[in-house]
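Visitor: Given the structure of chain E, go ahead and fit chain C onto it with the hints provided.
Number of protein chains: 2
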Amino acid sequence: MSLVDYIGKAKSVVDKFGIHVGDLIEIKTNSGSYIGRLLPRSHYEGADEFIVVKLTNGYNIGISVEKINSITLLESLENKKNEPPKTFQKKKDLPHVVLISTGGTISSKIDYSTGAVSPALTAEDLYLAVPELKEIVNIEVDVLFNELSENIYPEHWEKLAERIFHHIENGVDGIIVAHGTDTLGYTAAALSFALQNLPVPIVLVGSQRSSDRPSSDAFINLRSAAVVAGYANLAEVVVVMHSTTSDDIVGVFRGTKVRKMHTSARNAFVSINIPPLGFVKGMKYIENIAPIRTRNKNRKILLKNKFDKKVALVYSYPGLLSDIFTELINNRYSGILIAGTGLGHISNRLHKVLKSAIENDIVIAIASQCIFGRTNLNVYSTGVNLQKIGIIESQDMFPETAYVKLLWALSNYSKDKAISIFQENIVGEIIGRTYPETIFNR
Amino acid sequence: MSLVDYIGKAKSVVDKFGIHVGDLIEIKTNSGSYIGRLLPRSHYEGADEFIVVKLTNGYNIGISVEKINSITLLESLENKKNEPPKTFQKKKDLPHVVLISTGGTISSKIDYSTGAVSPALTAEDLYLAVPELKEIVNIEVDVLFNELSENIYPEHWEKLAERIFHHIENGVDGIIVAHGTDTLGYTAAALSFALQNLPVPIVLVGSQRSSDRPSSDAFINLRSAAVVAGYANLAEVVVVMHSTTSDDIVGVFRGTKVRKMHTSARNAFVSINIPPLGFVKGMKYIENIAPIRTRNKNRKILLKNKFDKKVALVYSYPGLLSDIFTELINNRYSGILIAGTGLGHISNRLHKVLKSAIENDIVIAIASQCIFGRTNLNVYSTGVNLQKIGIIESQDMFPETAYVKLLWALSNYSKDKAISIFQENIVGEIIGRTYPETIFNR
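Top line first, the protein sequences correspond to chains E and C.
Quick note: the first sequence uses the working numbering, first residue 1, plus one each step.
Quick note: the second sequence uses the working numbering, first residue 1, plus one each step.
Keep in mind that a hint or two might mislead.
If you anchor each label on the Cβ, the simulated ranges turn out as follows [to be verified]:
#1 C:N146 x E:S356: 48 to 56 Å
#2 C:D5 x E:I286: 47 to 55 Å
#3 C:E132 x E:S356: 47 to 55 Å
#4 E:N197 x C:L321: 29 to 37 Å
#5 E:D416 x C:K11: 52 to 60 Å
#6 C:K388 x E:D5: 19 to 27 Å
#7 E:T294 x C:T294: 53 to 61 Å
#8 C:D248 x E:N30: 53 to 61 Å
#9 E:K284 x C:R299: 58 to 66 Å
#10 C:S12 x E:K300: 52 to 60 Å
#11 E:K415 x C:S64: 41 to 49 Å
Hint data in this document are derived by calculation from the structure and do not stem from the laboratory.
In this text, all values refer to a predicted model and were calculated from it rather than measured experimentally.
No residue lacks a Cβ here, since even glycine has one placed at the ideal position from N, Cα and C.
Isolated chain E (complex conformation):
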């Protein structure tokens, strides 16, 4: 049995009517009838009690098997597979957008017809899933990886940045990157540093709930991503994800200032230390007053996509021992980002080993595990001591963005230059205390 096969009561119904995942069916219930394609089993609780159908309008519906009176097979998947592939005519007046698929929930469940849990995404699947997309933009799909995002590593960032670079050099109007949500924020930060002087937006999008669930946010997030990639007057790396519990407001977040703050909620992505750059409501992009880099197709994109140095992110906590740092020294790490406490602190019993790490040519920066707010090493004696040792501050960068920036800076610049660039704002990642006043340096 594959993971996507129905189980329990739902399986009995599917078997009884002789239908299979991917089949076009008509379901009759007491409250009405529905025509659509049978999707694979949802992986969530109660999945044995309902079947999920993609309606012809592109939306999914979960139907309790208790309520089903009859199911009629209209077209089996087997027949459909023999049809010539549908082609989608490009409309000349629409913006041209490339969607790069890297895997994750947003990509994984949309290709229901294969019955596989983690299939690649084709343009056809995409248009089938979100039919209104073809009215918004001309989308070209580029399947780059097929990874759950916890498996996306810095070497993937290098390849992804390079691929985006080439598409933008070829003159597209915007990029969408479909990505798992687990490390979507890290990738957004990485691309923000790796691709500078952008002429058009790079939009990362994910979905917290897979498209086989009635409550999926995959469709609205994708549609909103297309609106931003095609039309928003900005040229930054942004994350486009549900931002309220309301169904129709989607947030547009700066790539270096956004963090996944909930394991499962649809509005899990939160803007840290600045407001969202804007929102998408329906088909419309609404700008905030935030200072942003605007679109300009004459701007020449720069690629600085090395992420090949060894940098560690070490969380500070009561009980942290020096052995971890000794190991990092012995293994010749180039940098350490400490997620310190409060204003950027770490116990004084570790100051000696940190000093030794710096003497061993390791660059050490400290951020705050509070996430919100900014470091300040001038208030308490601990901070003053850390500065004396040579530890640098992350200011209002939260630990993940600070880690990505330190890794990027050390991979692309000499050590001294990396230390100075880490402390400067270059793409809106460090905001002065009197926001808004951001200057986009790259």
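Guide: Frame of chain E; chain C shown alone:
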């Protein structure tokens, strides 16, 4: 020059009128006159442009030196030091509360008369700082440590728990622990597990802004802590800290469910995954509908305060290598708490070394770095694989509480018992999906 001496323009004024920190003075300005004691210099920006005075009503005020017309010395600190120490008569009908001072901002700046930055706290200092305290409770001050909280380690938790145990065995009506805010949440979690079956509340309190700043929250937090320790009908370990930007609402948070979420804001402490247990408004404690353990002085407190095992908290991020885990195996750690991504994931390239760690007798649990929400290892293949390896879930415990619990469980129980107890709710730290329904098991 000591750190607390005035500088710049403020120093000129202090020198001109021949006054010293601790002196009782009268300041005349165009907008009125003020009588109070001169506090040490604030350590914050603009500190050279105002002087801070503790008014006779106990509140602090910062006065811009530009506006000062004259200062008259009413009583010098030198004379005051020769006075017999004030004693505070206990009032028979008030609850008896012990305040244990461990250091941190809340303790460090209140004893302005010594001019030292990190002095110990006496009952007299406390009553001088918050005069209304003596109308609320009879306070006995017990100075245990004098540490900035980033230096509080598990061995401090052991001593602190033991001290509280003895005070409670002696029949007090409540405990207040004054603690630095950096690791206040960790200590609150540690005490929650180390001291079970509580008859009275244990209230941790800190201050985000030191008492020499006009915006200090030290006084309202302390006063509110006294209200909870003396009167609230609860018997849990709680944190009492400002919870809104409004001045007069102070939150009462469960010790295992509270996290410092901002480096500097007064309302930095946030209840995670449950609402606050209650609030203090003025002198009144207002309960939420949350299920809590209520006061009962006949209940017999239990002490389980060992924290002597080696447990590491490892943050998961793109680029994390296996060498850290190899080091933990070689150094014979007992446990590892992984702050994983999303629902509790970590890259599949680390599964092999994690399996090896478990084969080497290390207990591994995973929490989510999202902080909000709960782990679920049943949704994606990564989670299923982690379960197969033998990794256990933290459910709705965020990484810091999960780390403290794992360390505590491994230090007080056999490995098998620790694994099972980690996954059970014992003091309200694991809440079912259908809150409120908590059962207090200990």
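Visitor: State for each hint whether it applies.
Guide: Hints and how they fare:
With their beta carbons about 28 Å apart, C:N146 and E:S356 fall outside the hinted range of 48 to 56 Å. Our hint of 47 to 55 Å for C:D5 and E:I286 holds, since their Cβ atoms are close to 52 Å apart. C:E132 and E:S356 have their C-beta atoms about 50 Å apart, which keeps the hinted 47 to 55 Å range intact. For E:N197 and C:L321, the Cβ-Cβ distance of about 32 Å falls inside the hinted range of 29 to 37 Å, so the restraint holds.
Separated by about 37 Å at the C-beta atoms, E:D416 and C:K11 break the suggested range of 52 to 60 Å. The supplied range of 19 to 27 Å is met by C:K388 and E:D5, whose beta-carbon atoms lie about 20 Å from each other. Between E:T294 and C:T294 the beta carbons are some 59 Å apart, a value that agrees with the proposed interval 53 to 61 Å. One distance hint, 53 to 61 Å for the beta-carbon pair C:D248 and E:N30, holds here, with the actual separation near 55 Å.
For E:K284 and C:R299, the Cβ-Cβ distance of about 60 Å falls inside the hinted range of 58 to 66 Å, so the restraint holds. At roughly 55 Å, the beta-carbon separation of C:S12 and E:K300 lies within the given 52 to 60 Å, and the hint holds. Hint check: E:K415 to C:S64, Cβ distance near 45 Å, so the stated range 41 to 49 Å holds.
Checked against the numbered hints above, the structure breaks hints 1 and 5 and satisfies the rest.
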